[in-house]
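This is what each chain is made of:
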Amino acid sequence: MEKIMEIDNLSMVFGGLKAIDNVNMSINSGAITALIGPNGAGKTTLFNCITGVYKPTSGSVSIKKPGQKESEKISGLKPHIINRKGLARTFQNIRLFSNMSVLENVMVGRHHKLKANIMGALLRDRKTREEEEKVVNDSYEILKKINLHKFVNEMARNLPYGAQRRLEIARALSTDPFLLLLDEPAAGMNPLETRELEDTINRLRSEEKITILLIEHDMSLVMNISEHIYVVDYGKMIAEGSPDEVKRNPDVIKAYLGE
Amino acid sequence: MEDFNWKEYLKDSFISMLWFSLLLFPMLVMKITVKGGMADVTYRWGYLVVIPVSAFILSALWKYFRERQQGGDKADKRGEIAALFRRTFIENRTVKKVSIISAILIMAFYPVFSGMYNTNVMISALIYIMLGLGLNIVLGLGGMLHLGHAAFFAVGAYTYGLFFKYAGQFFVDAGISTGWMFWIALPAGGIMAAVFGVLLSLPVLRLRGDYLAIVTLAFGEIMRMVLQNWGNVTGGATGISLIPRPWLFGINVTPRLAAVYIYYIVFAFVIISIITVSRLENSRIGRAWEAMREDEIACQSMGIDLVRNKLTAFILGSVWAGVAGVLFASQTTYINPDSFTIWESILILCIVVLGGTGSISGVILGALIIKLLPEYMRAFAQYRLLVFGLALVLMMIFRPGGIIKKVRKIYRFPLDEENDAAAEGQN
Ligand SMILES: Nc1ncnc2c1ncn2[C@@H]1O[C@H](COP(=O)(O)OP(=O)(O)OP(=O)(O)O)[C@@H](O)[C@H]1O
Ligand SMILES: [Mg+2]
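Listed in order, the protein sequences are those of chains D and B. Numbering-wise (my numbering), the first sequence opens with residue -17 and increments by one. Numbering-wise (my numbering), the second sequence opens with residue 44 and increments by one.
Mixed in with the good hints, there may be bad ones.
[To be verified] Straight-line C-alpha distance at most 16 Å; calculated EDC-like pairs for lysine to aspartate or glutamate:
id : chain 1 : residue 1 : chain 2 : residue 2
1  : D       : Lys(-15)  : D       : Glu54
2  : D       : Lys127    : D       : Glu180
3  : B       : Lys452    : D       : Glu136
4  : D       : Lys60     : B       : Asp381
I should point out that these hints are in silico values taken from the structure, not numbers from a laboratory.
Excised from the complex, chain B in its bound form (with noise of 0.2 Å):
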């Protein structure tokens, strides 16, 4: 670059360097220590230096990336080998067929080569695609920014949870192994997301953007509320425990060999959403969700129901994250309230916008990403949310669709010259 101004480069990253560093003294370079009630401030001079140098540091990155993002020839060039590397990586169909059948292999054959608590790990993770892919119907599809997914999670898990407490007594008495329970709480706890999937959307699918948003954040909060304190019903904090692992033909199966088999039930339901919300992208339904996206009024005067395309979109999701709470209370064996607050629901739509909204593989790497990095990176657990939360930041910056961006199938119409110019293309 030639006209490349340093004086305004240099310039920008000491103003932000001294507004870092006054902006950080208090908390880093300040210590306070209370002791018997009595506040001992140390003061850690080293910060002084490291502050400004790194966010000198930083911001001279962070401009130059931003200025290589939006530089012109450069960003073209850059662009052809994004585009050349898409096609012979991400598009090709030889490629995506290999990558995607051993990535089903690997995670087929998982807990046979991994221990109980890689197993056990591995099943949360699936368990946050699942929901992951649930948001990704309404977010993603629905275009309906929701952040109470957690609670539709938390009713689910409730389902089974208060099944177990309240009707087990019966089915031991009955000689039924309580491991049936489970077959019956997967649907019941679907339906059951489902009804209060309805009564939300009753009131919330006029609302738009910012409004539903606020309204279904606090629905999950409300929903947690009533979990914590109704506690001669729903076991309050203590929650619930004890709850019975899927019966698996009457053997009484150790905890590892339990892991397995929820491993593979997990994974199936894994497999069953990608189907399902690839199915439906690619339907009827999916081409009005996205016209919905792009253009609501013109959507409304082509004769579509803009609130019952929401309300299917809306209780799909749920239903989904109702499923992945049953599964995911058969898995603790226990639940209470913390598992199912605000933010869980952020969590989850991390992983749809880090991943790529709307984009399946995206959602299955941003789950991945968020729900096993902390995992295998203890050291950096407490950072955990800074670390997301600048993530989110640098990707709605640079790249706002996601880390792996939607591809949406085109309907084509197969033209006669198209034909001509594919058989000439092979010749």
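One chain only, chain D, in its complex shape (with noise of 0.2 Å):
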């Protein structure tokens, strides 16, 4: 299996607290891998070490796309240049542009593919007509297949629940990632809804081609789609394998039940 991101000795400290404790994590090429541990054990901070949105204190992530030979060192790097880099994630606390339109939320996901410049803007010329032409259809296949697209003019503040988390990984998916980074995904939705994400994120793998890396509590969810499984707790990673393997796992029994 080819690896696509290996995370080496990654640690982040806030302060006196050491969220993330010398973290080591190497992602497959294709497979979906979910990322456990209890409320505060660092998951959510490892995201936004991943993504740039926080700088490590040490350690580096690096990427290697699929069908490149060299890796290279994404940490340190500005969330924009990371995500063009082909990593896309969602916020656990859903964070839309909810006075925009579910299309809109989409489209802007697609403003770096796009070339148009101030003049183009001003002078409203055809190429640049047609490039926003283009980018709405687009955007509009995209809401298609997280199956959003009856909700494509509504403001993203009016959807349900539910309907809001996929908007967030239509939005994600819209910046064309190679890896994508879901936290929580899950949360909030009843089962139904729980059950056609797991669908969606299955289809993305097979049919998008899209690695997943996931952040999850629903364990039913997490067993039944990952094939590797991290967990963490107290900024450590305190095991990882298959789904079989980490459930038997004593550490992590003891992590989640408590002593």
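Take the two lone chains and join them into the complex the hints point to.
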């Protein structure tokens, strides 16, 4: 298996708190990998370090895009640069552009694929108009993939909760990632929505060939879809392995059930 | 309202009455005149009646309107009426078209049927519309609280002023009309403002909100102080005078004709500004700005370069101010640092906030109100700042979006059902 992301001795310290403590991790191309752990374990912080929202205190994150030979270090780069390299994420506390329409949220994700500059905006020449038309259509196609197209002209803030979570995914997808990081995508969803989400994630992997790393508290979802699971507790990686291995691991049971 | 609490109501008003009486006593009741080094106090007891009575009435009105604004059912009904009003008068296309066309017509023929004084007043109002629209790019679109806009206005004006001061003789010697200098200064003023915009924004754009406001405010002051104190270059406090008016086919124009001519130049620029801002808003970059104002972290994580987008907004806004500065210098033919104080920046900010941040028609209305009212109501001129302050406070409470709230055009995907529905609606 080809590794597309490697995290090497990563630490993130906030004041006196080691939110992430020497974590090592690697993601296989085309896999669905889960990152689990109790509340406050440092999962979201790890996502923030990977996507450039935080600069890690030490250690490194490097990626190797599918089909590329050289791996490149991405830790310390700005979030937009990391996104352009093919990593997209969703947020645990939904961060949609709530006063923009569903369509516009996705269009923003396509921003850096477009070329129109200030002159284009002012002159509205044919190239610019065609590009705008194309981005609208492309965005609609992306919404279709996540089954959100019926909300296309709604304001993001007016969507039901589950749909907002899915819009987070659609927006991330619109940046054409090879690695998608999902932070608790099923939080607040009902069982039916969760099942749909499971389908969607599986489809993204099989049809779009997107590798997925997800944080999730819904254990049945995690056990169903992931091939490999990492478990963090108090910032430390305490276990990893297949769902079955992790389930039986005494450290994991202790972390979840307490002493 | 049935459960209207009279006691509470009266009590609150009474307390404000006492409070204001106490507060204003030394200012209004006691009048101190200094004569020959001796302070003489006259008591104006009349005010002792006026203050509490007006404080009581104002406070009661205040409470009444506050409650009405928050009141449930009533507010809903009022909201409905407001929505109906909006639909019929503001969002209605025909009404919109007719009002825009008539506004343009009135403005286009304004100097024809008004005297030179009125034309000049309107020119400065138009220049402030430009300044407001420029700040609107920074504040309304870019979401940056910029309190040093007048500094870029100054950059433009002084670009022209200094260009004339140092190169004017050359033009005279070469036998070229100095009026040509205006046409060179116009782009140069914009470019200089852009250069200063870059210089300021490089360190500043990482800052947010309050910090940005403070730094830009300081920049405005620094600019003014440099202009004021670097006397042998900038002319110091006396400034630069006899700046040429724009060249007009070599005609030696009378001041009246010059005013008309400048009016049309400025008018053209206002139209260009309006088109520019509205096109920017509904473009790829406008979308990115909107997203940036909503959530910077999410925006960055979607691949948008915040610094670049902010820089673009900041520089565009500065260029606008720079061009407005050149126009200003050519209108007044005389500039000095007093025209570019902090107050000028605040005034432009008031125009944008009062009119409606992000709303083009709002900014235009704001500029007309703020520039024209004091001009034609001289009696109130000395209370100008007081009135603006009060208006702003009231605005923030009752209508935080400004007089004309921003309505953003939303990208819509043409759904089939919607087309059907529209077709049905027409039948
Ligand atoms: N910006 C920050 N400054 C200080 N402390 C932080 C910051 N971000 C996270 N932390 C701390 O780091 C620890 C890990 O937080 P994190 O949000 O990563 O947990 P999590 O595993 O995502 O938890 P949950 O399952 O509740 O989402 C917590 O103790 C949190 O308070
Ligand atoms: Mg979390």
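Satisfaction of hint between Asp381 (chain B) and Lys60 (chain D), Cα-Cα up to 16 Å: violated, 43 Å
Straight-line alpha-carbon gap Lys(-15) (chain D) to Glu54 (chain D), limit 16 Å: holds, 12 Å
Lys452 (chain B) paired with Glu136 (chain D) [C-alpha distance capped at 16 Å]: holds, 13 Å
Restraint check for Lys127 (chain D) with Glu180 (chain D), where alpha carbons must lie at most 16 Å apart: holds, 14 Å
The structure fails to meet hint 4 from the earlier list, while all remaining hints are met.
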